[in-house]
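Student: We have chain F already, so just place chain V on it with the hints.
There are 2 protein chains.
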Amino acid sequence: MAKEVISREENYSQWYNNLVTKADLAENSAVRGCMVIKPYGYAIWEKMQAQLDKMFKETGHQNAYFPLFIPKSFLSREAEHVEGFAKECAVVTHHRLMVDPEGTGVVVDPSAKLEEELIVRPTSETIIWNTYKNWITSYRDLPILCNQWANVVRWEMRTRLFLRTAEFLWQEGHTAHATKEEAIEETEKMVNVYAKFAREYMAVPVVVGKKSANERFAGALDTLCIEAMMQDGKALQAGTSHFLGQNFAKAFDVKYSTKEGTLDYVWATSWGVSTRLMGALIMAHSDDCGLVLPPKLAPIHVVMVPIFKTDEEHKAVVAKMEELKAGLEKSGLSVKIDDRDNVRSGFKFAEWELKGVPVRIAIGPRDLQNNTVEVARRDTLTKESMSADAVVAHVVELMDKIQENIYNKALEFRASKTYVVDTWEEFKEKIEEGGFLLCHWDGTPETEEKIKEETKATIRCIPMDTNVIMEEGKCVYSGKPSKQRVIFARSY
Amino acid sequence: MAKEVISREENYSQWYNNLVTKADLAENSAVRGCMVIKPYGYAIWEKMQAQLDKMFKETGHQNAYFPLFIPKSFLSREAEHVEGFAKECAVVTHHRLMVDPEGTGVVVDPSAKLEEELIVRPTSETIIWNTYKNWITSYRDLPILCNQWANVVRWEMRTRLFLRTAEFLWQEGHTAHATKEEAIEETEKMVNVYAKFAREYMAVPVVVGKKSANERFAGALDTLCIEAMMQDGKALQAGTSHFLGQNFAKAFDVKYSTKEGTLDYVWATSWGVSTRLMGALIMAHSDDCGLVLPPKLAPIHVVMVPIFKTDEEHKAVVAKMEELKAGLEKSGLSVKIDDRDNVRSGFKFAEWELKGVPVRIAIGPRDLQNNTVEVARRDTLTKESMSADAVVAHVVELMDKIQENIYNKALEFRASKTYVVDTWEEFKEKIEEGGFLLCHWDGTPETEEKIKEETKATIRCIPMDTNVIMEEGKCVYSGKPSKQRVIFARSY
Chain F
-17 MAKEVISREE NYSQWYNNLV TKADLAENSA VRGCMVIKPY GYAIWEKMQA
33 QLDKMFKETG HQNAYFPLFI PKSFLSREAE HVEGFAKECA VVTHHRLMVD
83 PEGTGVVVDP SAKLEEELIV RPTSETIIWN TYKNWITSYR DLPILCNQWA
133 NVVRWEMRTR LFLRTAEFLW QEGHTAHATK EEAIEETEKM VNVYAKFARE
183 YMAVPVVVGK KSANERFAGA LDTLCIEAMM QDGKALQAGT SHFLGQNFAK
233 AFDVKYSTKE GTLDYVWATS WGVSTRLMGA LIMAHSDDCG LVLPPKLAPI
283 HVVMVPIFKT DEEHKAVVAK MEELKAGLEK SGLSVKIDDR DNVRSGFKFA
333 EWELKGVPVR IAIGPRDLQN NTVEVARRDT LTKESMSADA VVAHVVELMD
383 KIQENIYNKA LEFRASKTYV VDTWEEFKEK IEEGGFLLCH WDGTPETEEK
433 IKEETKATIR CIPMDTNVIM EEGKCVYSGK PSKQRVIFAR SY
Chain V
-17 MAKEVISREE NYSQWYNNLV TKADLAENSA VRGCMVIKPY GYAIWEKMQA
33 QLDKMFKETG HQNAYFPLFI PKSFLSREAE HVEGFAKECA VVTHHRLMVD
83 PEGTGVVVDP SAKLEEELIV RPTSETIIWN TYKNWITSYR DLPILCNQWA
133 NVVRWEMRTR LFLRTAEFLW QEGHTAHATK EEAIEETEKM VNVYAKFARE
183 YMAVPVVVGK KSANERFAGA LDTLCIEAMM QDGKALQAGT SHFLGQNFAK
233 AFDVKYSTKE GTLDYVWATS WGVSTRLMGA LIMAHSDDCG LVLPPKLAPI
283 HVVMVPIFKT DEEHKAVVAK MEELKAGLEK SGLSVKIDDR DNVRSGFKFA
333 EWELKGVPVR IAIGPRDLQN NTVEVARRDT LTKESMSADA VVAHVVELMD
383 KIQENIYNKA LEFRASKTYV VDTWEEFKEK IEEGGFLLCH WDGTPETEEK
433 IKEETKATIR CIPMDTNVIM EEGKCVYSGK PSKQRVIFAR SY
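Protein sequence lines, in the order shown, are assigned to chains F and V.
All letters in the first sequence, in the order written, are residues -17 to 474 by the numbering used here.
All letters in the second sequence, in the order written, are residues -17 to 474 by the numbering used here.
Don't take every hint at face value.
Since copy identity is lost for identical chains, a pair holds within one copy or between any two.
[Stated by the list, open to error] Cut-off 25 Å, straight-line C-alpha distance, at most; resulting in silico cross-link-like pairs (DSS-like, lysine-lysine): (1) K69 to K297; (2) K237 to K4; (3) K312 to K39; (4) K434 to K365; (5) K399 to K39; (6) K465 to K312; (7) K432 to K216; (8) K178 to K115; (9) K237 to K318; (10) K291 to K434; (11) K39 to K278; (12) K241 to K291; (13) K115 to K291; (14) K4 to K297; (15) K36 to K465; (16) K4 to K302; (17) K291 to K312; (18) K36 to K307; (19) K330 to K302; (20) K462 to K69; (21) K318 to K39.
By construction, these hints were calculated from the structure, which means they are not laboratory data.
Bound-form chain F, shown alone (with noise of 0.2 Å):
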């Protein structure tokens, strides 16, 4: 193989790391905690966008754009808001260089200082509620469903490419509304598109969950989520969806007159996906060979690998797979023929398993004797011969084959370290393997204080989606009563 993965087993770590540099998804850069987000990999974010966006049109929202930066008062406006974000802001202070009076290169001009310094963007709330106050008035304005698509920055002081970087992409969508109950709706509304998309285009399963106050975003009265099980048996955070309350309003005054008559604070709500999906997808299926990409965000769906000797045979075999890559763009499959002259077929095997292109056709001149094609599925790591004549009925439907192995592959695995603890010791033994401790608890911050730092686990959530889990019971830490047992984990 021309470029090595180390195993899961070996280092989970650097496994990962290998996967999304050899695979050519990202790189870091030369900005530190900034990644380079490579064609491969953006082409699968784009497939991501392009299905949110269609979910979020779907269900009302509207794309709009707001500024980069924030004003330095904003972000203190809502006090829990800043202490969130304070630590890890990148602060613009001037607006000009000069040239270095001593020197050769530029250096920042200290006339030009900004009268107040500007935040980048960690998240939107502020610039967009001071600007929501201008578009409210009345009920009749309500609600707004705006999303944006944009780049932000938060200070990390450890990076890892994709799951947590300086800079990242993602979608925060902020409403406005006349109601408590319509904003939780939207809340909820909004986690469940996610969940929709994460089981159904991600092939990764999830839990739908509320945080823990512990966990909540800065701002937040609630904030919902999903969590997916990595395959080290952590858990991922992939997405957050939160009630933000009259929060906002309150900070930035936005006030409307109800159909009544009445002056009344707007309610909030915002949610939002980032990048980091895509460490989540690298991290929920791939194996030692490589990434293993579900068809439905997968850039190219089949890869085609000639296998010739002579010239002759080459444009014959060509010619066969030209012809059966019209047949399967036809059926909507992305193609492509892998013909470079400068490596050996098996080296090209290796490199779309590196990349996780579904399926692998090799044709040989044996092959155009007797009308057979060679499907290889990169989700099993099996391959058969089949006639010529079928191959393209087959492959459409072993997209849907592999896009359903994979997500039961990854709920298999999910349910298979999925514990029910009820005591101490039996938790700090099983969180050392790794897995969704399911416990109850006492609903005391303190508990989860000390659990995490006895154990490094978290509550991840508080399931909403599941009925199994609605007994009451006795906390695994203080024995005081709970009413329903959460999801404990270690986590990313």
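Tutor: Chain V alone, transformed into the frame defined by chain F:
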């Protein structure tokens, strides 16, 4: 009318600002020079993006994403480049805020000063060529054909919505080639993609040409551009494509081994269009009633306004509209039924005229009796009554007609304001009226500079796409020999 727009004649500049804000396209934000792009404006930009992205991909380009921040030292590597951008840079100097020890707000934490300042990208040549250095070893790695959709910041002192803002949205293509010829070909190919987009989608006639040295991109050997004429006779540069030679390859030491085994620097191009195109679109077609949108970029193609008195009439009219809407949507058109109950139909007519919706359909009780509808064209402000049975086919056809008519109108306008000028006296007189002056120029920056000082006119471009003006002559200012006419105009 609900939202008055000042007439073009009265105050062209204010007319433009009126349109942008009153048609809900964009507004100024709380951050100096940064705009908020509102949902209706953003929907037009999304249509532009989708079409351009398609054209980029059809010409073999892939999207990628590079960091928002550029280390200060990178900017300095290419001498002309840094000179061009240093004076308008947003500079990040710190990465943390802290609670003000002397007050209530937050202040910049002095201990979180960056070792090297980061510039918010004004354009990405430097960070991208620093990345390409690691991607390119051999001729087999070339060409690299990347594009990025991103936000950029140039700290302009005088800003205008869409036309000149501190932050704007754009795409920037950055390509790397083995030969000079190939890079020049790419530069020309992309300026022609822009021209095609402007003409066929924006319905804006443009001249394709080359910039004079004075107007070149900082760091380019050649800048090609498309120039459009606005209704006040001023020129607007709508897109540029740069041949960068080996400047950035040399600045970042990017060499490749050729087929012959020698080492050579890589050749570069970059090309971009921005949200400035929105300004061009608005100013090229709109009238004193508001926007006039070409159907190919209109978020809503047809608006339907019900006319009724009783509830029964209302119900019947809307039912008919739903039927027609389904038919129009089947043909790929976007249709909105404006069924608001708190404004009159006259208000609605004016509002959708302001928003530039290409076709308006009104149906009243009498129409139902006669099986007719009233169809109004935004571009001509004419209306006709016609059989309801024929309306779907008619409106679908109208879209093409309107697209064509808008283009032709702009083309005729440009022709009427384009003058062949041979004397300096005539130049000074004509330039006051606005328009394109086709003049001979001696080819020196000095003459161009003097003409600019005396008349505020600059060379918009040395046209490439017409034979008419390839005649030789004498410079309109200096009388020295000239090889071809160039276009002088005042510009945005």
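Student: Checking K69 and K297: alpha-carbon separation at most 25 Å within a copy, between copies, both or neither?
Tutor: neither (62 Å within a copy, 58 Å between copies)
Student: Is it within, between, both or neither when you check K432 against K216 at 25 Å Cα-Cα?
Tutor: Cα proximity of K432 and K216: one copy only (19 Å, versus 69 Å across).
Student: How would you classify K462 and K69 at a CA-CA limit of 25 Å: within, between, both, or neither?
Tutor: Classified as neither: same-chain Cα gap 35 Å, cross-chain 64 Å, threshold 25 Å.
Student: When Cα atoms must be at most 25 Å apart, do K36 and K307 count as within-copy, between-copy, both, or neither?
Tutor: Between copies only: 21 Å across, 28 Å inside.
Student: At most 25 Å between C-alpha atoms: does K291 with K434 qualify within a copy, between copies, both, or neither?
Tutor: neither (62 Å within a copy, 67 Å between copies)
Student: Could you figure out if K237 and K4 sit no more than 25 Å apart (CA to CA) within one copy, between two copies, both or neither?
Tutor: Answer is between; shortest inter-copy Cα gap is 22 Å, intra-copy 52 Å.
Student: With 25 Å as the alpha-carbon cut-off, assign the pair K434 and K365 to within, between, both or neither.
Tutor: neither (46 Å within a copy, 71 Å between copies)
Student: Could you figure out if K115 and K291 sit no more than 25 Å apart (CA to CA) within one copy, between two copies, both or neither?
Tutor: Result: close neither inside a copy nor across copies, 71 Å intra and 36 Å inter.
Student: Checking an output row: K39 and K278, CA cutoff 25 Å. Within, between, both or neither?
Tutor: both (19 Å within a copy, 20 Å between copies)
Student: For K291 vs K312, is the C-alpha pair at or below 25 Å within one copy, between two copies, both, or neither?
Tutor: Neither, since 30 Å and 51 Å both go past 25 Å.
Student: Since the copies are identical, ignore which copy is meant and state whether K330 and K302 lie within 25 Å (CA to CA) inside a copy, between copies, both or neither.
Tutor: within (19 Å within a copy, 59 Å between copies)
Student: Should K465 paired with K312 be assigned to within, between, both, or neither, using CA atoms and 25 Å as the limit?
Tutor: neither (54 Å within a copy, 52 Å between copies)
Hint compliance for this structure: hints 1, 4, 5, 6, 8, 9, 10, 13, 14, 15, 16, 17 and 20 are not met, and every other hint is.
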